[in-house]
Amino acid sequence: MARKPEPRPNVSKDELLKYYREMLLIRRFEEKAGQLYGMGLIGGFCHLYIGQEAVVVGLEAAAKEGDKRITSYRDHGHMLACGMEPKGVMAELTGRIGGYSKGKGGSMHMFSREKHFYGGHGIVGAQVPLGAGLAFADRYLGNDNVTFTYFGDGAANQGQVYETYNMAELWSLPVVFVIENNQYAMGTSVKRSTKSTTLYERGVAYGIPGEQVDGMDVLAVKAAGEKAVAHCRAGKGPYILEMMTYRYRGHSMSDPAKYRTREEVEKIRTEKDCIEHVRDLLTQGGLASDEDLKAIDKEIKALVNEAAEFSKESPEPPVAELWTDITV
Amino acid sequence: MATQVLMPALSPTMEEGTLARWLVKEGDTVKSGQVIAEIETDKATMEFEAVDEGIIGRLLVAEGAAGVKVNTPIAVLIEEGEDASSVADAPSSAPATAKSESDERPAAAVAAVPAAPAPVQPAKGWPHADLPEGAQTKTMTVREALREAMAEEMRAAPNVFLMGEEVGEYQGAYKISQGLLDEFGSKRVVDTPITEHGFAGIAVGASWGGLRPIVEFMTFNFAMQAIDHLINSAAKTLYMSGGQMGSPIVFRGPNGAAARVGAQHSQDYAAWYAAIPGLKVAMPWSAADAKGLLKTAIRDNNPVIFLENEIMYGRSFEVPVGDDFTIPFGKASIVREGRDVTLVSFGIGVSHALAAAEELAKEGIEAEVINLRTLRPIDYDTVLASVQKTNRCVTVEEGFPVGSIGDHLASTIMQRAFDWLDAPVVTCTGKDVPMPYAANLEKLALITPAEVVAAVKSVCYR
Ligand SMILES: Cc1ncc(C[n+]2csc(CCOP(=O)(O)OP(=O)(O)O)c2C)c(N)n1
Ligand SMILES: [Mg+2]
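Chains as they are written, first to last, in my numbering: chain B, 1 to 328; chain U, 329 to 790.
Incorrect hints may have been included.
In silico SDA-like cross-links for lysine to any residue, where the CA-CA straight-line distance does not exceed 20 Å [said to hold, decoys possible]:
1. 397/U <-> 34/B
2. 515/U <-> 111/B
3. 359/U <-> 249/B
4. 32/B <-> 395/U
5. 195/B <-> 771/U
6. 32/B <-> 359/U
7. 32/B <-> 378/U
8. 717/U <-> 665/U
9. 227/B <-> 189/B
10. 771/U <-> 315/B
11. 359/U <-> 312/B
12. 359/U <-> 208/B
13. 298/B <-> 380/U
14. 87/B <-> 767/U
15. 515/U <-> 194/B
16. 759/U <-> 749/U
17. 191/B <-> 360/U
18. 359/U <-> 270/B
19. 258/B <-> 348/U
20. 771/U <-> 41/B
21. 759/U <-> 267/B
22. 759/U <-> 31/B
23. 359/U <-> 227/B
24. 301/B <-> 508/U
25. 359/U <-> 41/B
26. 267/B <-> 362/U
27. 771/U <-> 319/B
28. 191/B <-> 348/U
29. 32/B <-> 331/U
30. 267/B <-> 359/U
31. 258/B <-> 508/U
32. 258/B <-> 767/U
33. 301/B <-> 380/U
34. 359/U <-> 31/B
35. 301/B <-> 360/U
36. 503/U <-> 265/B
37. 312/B <-> 399/U
38. 267/B <-> 375/U
It should be emphasised that the hints constitute simulated quantities derived from the structure, not laboratory data.
Full structure from sequences and hints, please.
Below you can see the structure in the form of structure tokens.
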């Protein structure tokens, strides 16, 4: 069973190529990160985003300059999608001075004020009130920016999420809560952690509208994102998007993934893959040839290799960095 | 061009592993993403996927080989038409000791373990010596010791149960609870959602309701989500109820730095919890500590904070056999005797102190190493008696310097043994910075044996 051929809004060739390129960049970047981890160049926890690329690429397509984003430790995709440099992200993964946090943050903790990316948070659920706080500031300052606050299906059970929902609606904060429902929190499937498995519906109790979205379909994600953002910008308060997605790899590098079958993963990869989806739209619609796409593949590969080289060559932070940035 | 496939690092602390099974043979064509081998780490068996596509030219490490170091070439991938024999030989360093008995520890792993404490002459006898005199022992890892302590206590008392994230079906994020779900069922091994504040509160309530919960925090960093219940609910209720009801509960899990997991995941909470009246705080170093102290914790009628260490989980020690082995709270052990200086430590710090003592002995300085084992209560008597003998003291811990356990000991020693001191007490701690991720900075942030050696020399005026 392949994806249902749904009626599509008019998408231009350029737009599709842009999504293809951006999703492929994340995919190849993450594969490279996995390799560097295996070589011992990346240490600690390293959570790959492979499979979920359409979520961030689709939502970034609905964002405007000034909008903010914040997420968990599974953050590489979000950073690349909002325009952060692959080199700087990869060098942070290897703990080098050329990284976004000068090597001091690591895979889970990166930030870019310039791109309005507020991290990179290691404590499950903690980014949710933080994201609402960013939105609080925007409302207070009277601009029309929106904050995309991403969290997982597992994080959706943390109490602070619901404390935040209540206040976000009470104060009409311009925040889009994006639940990346990839079906698992480490080894715990959604069904094993809750009886209310339709996560966006929990907003109803607080008066927050929301919807479930096919998170493997970048066009559906973008359309939902535009709707949510319009709601926020109109001053109507928060909106919840539950992105139905899937992570292909283990939770982090040390996860034996015994809680699901290889067949389950394989099935989603072959039937729902977000990159293949756009590839099909491009080729079947006669918008791009295999050659065109090969050229993009090559270009992305070069970009990722360049980032990897940079991340190896960039020196470790100087010793003095141990004592800087503790307070200002 | 031929490419080497290297032994992967599959976890933050993995240095070597066992090549449990090859799923391909020489001459097979592999696709990227195809599982080509199963690799066993101390935590789990993992599937290893090919990154590149190609043909398996050679398998360089035999199936069953144990102790294969991360980054050792294990196979060679060639391209169509390439000749496998043209492929350069694997570096001779590749250990290929096939089919080694699985229970035999690889030599390198043993070497990585700080030298086991030299046999102690138990001047004062048990419980001050590291192990009870004449006890029959067996070798086990800290991980096994913790598991055995829980299993024995759960067998003994039906109201003891374990609750936490991934403790059941996943068999524990760090495999401490492996097998417990099978033995005790899901009524007593309870998987929770990621809801620390909620389930810690539920567990405290259950302890008031007549149960004896063991709450596993995946790591103590996440207990910060729940710290209100640990302190305001669990620690204070006995007092607030005028002694009517307390909380017989154990909160346990790894504490302190693992390896390269950054600022939010690498913190030692020993001094934080040790500051709270109403709590008991245990921090094992060896497997014997782990087993004996955890059993005492589960039997204790007070809330116990039980601080483990991920890096120590895989290390092996001698542990007295039998269900009745316990270690009382408030009794330190002397893991090495010496006359020149007293090193006081706890948890993984004891390994650093012992390594330093070893170094110092080469220069003729005999350090006495005390393992506190519990931080609330603290065995002041053992520390003071030792300082009265050596007249010098250095404390060793991983936590932050300000308000450290060392600070507290220094002030106690000053107040109670001032006249015996020949030098100020020096505290060795982690640095006063959040844990950096970069490998070089992380090394500098952590306490090292070399720093302990330097501190001892300074108090010995050498
Ligand atoms: C407060 C807290 N508890 C536990 C953990 C350990 N942990 C890290 S990620 C994770 C699973 C989270 O799953 P989910 O929210 O679904 O996000 P995903 O990893 O699927 O992106 C857990 C339990 C943590 N980091 N923080
Ligand atoms: Mg998830």
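| field | Hint numbers not upheld by this structure, sorted from lowest to highest | value | As far as the earlier hints go, 2, 4, 5, 9, 11, 12, 16, 17, 21, 22, 23, 24, 25, 28, 32, 36 are violated by this structure, in ascending order.
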